[in-house]
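Each residue of the sequence shown is one higher than the one before, counting from 4 in the working numbering.
Because the hints were derived from the structure by calculation, they are not lab data. Some clues are possibly wrong.
Claimed, not checked - Cross-link-like lysine-lysine pairs, in silico, DSSO-like; alpha carbons within 27 Å at most: (1) Lys-125 x Lys-13; (2) Lys-125 x Lys-92; (3) Lys-125 x Lys-33.
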Amino acid sequence: MWNTASGAWKVTEAEYHGREFTPVAYEIAKAKTDQSGRLSVNFIAPDDYGFMHDIVLQQGSRLFTQVGFNLDMTVEISPKSGPPGTPIKVDVKGIGYRSLYNSWDVIYDNNFTGWMSSVTTKGAASFTIPATGGPGVHVIEIMHGELTFPYRNPEQNPAPGRPRFAFQFTVTAARR
Numbered sequence: 004m005w006n007t008a009s010g011a012w013k014v015t016e017a018e019y020h021g022r023e024f025t026p027v028a029y030e031i032a033k034a035k036t037d038q039s040g041r042l043s044v045n046f047i048a049p050d051d052y053g054f055m056h057d058i059v060l061q062q063g064s065r066l067f068t069q070v071g072f073n074l075d076m077t078v079e080i081s082p083k084s085g086p087p088g089t090p091i092k093v094d095v096k097g098i099g100y101r102s103l104y105n106s107w108d109v110i111y112d113n114n115f116t117g118w119m120s121s122v123t124t125k126g127a128a129s130f131t132i133p134a135t136g137g138p139g140v141h142v143i144e145i146m147h148g149e150l151t152f153p154y155r156n157p158e159q160n161p162a163p164g165r166p167r168f169a170f171q172f173t174v175t176a177a178r179r
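Starting from the given sequences, assemble the full structure and let the hints guide the process.
Next comes the structure, spelled out in structure tokens:
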């Protein structure tokens, strides 16, 4: 069994009450022991929320063992260069659902540019930001934090092992 969560926004007509994640589990593989009682199972990790998941070996409701399985968060941008106004596509997989892993800030040239989460998208986010600034290299960062406040000192934040992503985008001369 693969243990994960199902996410939902808690909102009323005019009020935001946070996010809600309900634990869920589903079968990812079937296993059968050999004559000596050993088993080996292959499975493909699902596209899901990132970070820690439990994989549980069970028969009916009887639990035999469980192990932690980490899904790494990944971020990709494209293109890597272009004139001012170029749409920069950002694709993210593996955003977490647990506190301290579910809110990420987008920083462009050390300025807050946006916030991302993946409550209902099972850990995935895709968005576009425009290339701005003069010709040259500009830095796009994805880092954990609350709205507009990234954790800039990772060694002293509540979860120092979270990944930090930094990409260079080269703004070229404007087209005429």
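Status of each hint after checking the structure:
The suggested pairing of Lys-125 with Lys-13 holds, with an alpha-carbon distance near 16 Å, which does not exceed 27 Å. With a CA separation close to 19 Å, the supplied pair Lys-125 and Lys-92 stays within the 27 Å bound. Restraint check for Lys-125 and Lys-33: satisfied, since their Cα atoms lie roughly 23 Å apart, inside the 27 Å limit.
Checked against the numbered hints given earlier, the structure satisfies every one of them.
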